[in-house]
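Please work from the sequences and hints to get the whole structure.
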Amino acid sequence: MAQPGVLRAGTLTDAPPNVYLKDGKFTGFDNDLLTAVAGKLGLRVEFVGTDFSALLSQVNNHKFDVGSSSITITEARKKTVDFGNGYDFGYFGLDVPAGSPITGFDQLAGKRVVVVQGTVQDDYATGKQLDPVRVPDYNGAINQLKAGTADAWIAPAEIGEKSAADSNGKITVAAKELSPAPTAYAVAKGGDKLREALNKGLDEVIADGTWSRLQAQYYPGRPIPADFTPGSGKAAAPATPSGSAQPSASTAS
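Here this note's numbering is used: the first residue of the sequence shown is 317, the next is one more, and so on.
Calculated lysine-lysine pairs in the DSSO-like style (CA-CA distance at most 30 Å, straight line):
1) Lys356 - Lys516
2) Lys516 - Lys505
3) Lys395 - Lys516
No lab work stands behind these hints, which were simulated from the structure alone.
Pasting the structure below:
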């Protein structure tokens, strides 16, 4: 850490409810959770905004101590950074312009599909040989849909849902699909001491109810998959309080 007692975290500014700026403050589920984890370690978090496509390399070259952006653990990403234990799960969302005939992920062949560069949605589209249009941030994807220059956007589902709700009827969510792996904080390769400390702090905020409280705050009513356990699995999470909203899906980048 460049400053003793300060954890420098790279994050995004435009991906609510997971990581975003509100009234000049970095917040969201991932960032609030990291602040709580760091508090257990006696550390203060300094958040810095960046693009997702650059985040992992910036973590590994020590520009940031940790990456906080609903980063899905993948084998390819493990070549660049090390990951802590998983703290959340996520879904892919399929956003389309209002009135689109597209209703599922199986209807994207030959369509102009937009993704944020470097995300697991980019990996998904490339794996399906969709030749996606890559943009640097979520606002770029939203603008493509609104302008009619893209047929569909494969998004982190929660961001896709919020974007549709805020679009004045211009965008709708056509489908959702569970992401195959958990999300975790990223640290530089070989950063075992920090990774282990973050894992310890994560277990502590799971055990004291902070993780469940933040789940209820940011994803009210969202069901947790039966096979998902946050952290090391050694800390039992208190039952998440029921929210008033309908079940919604989480973000995964």
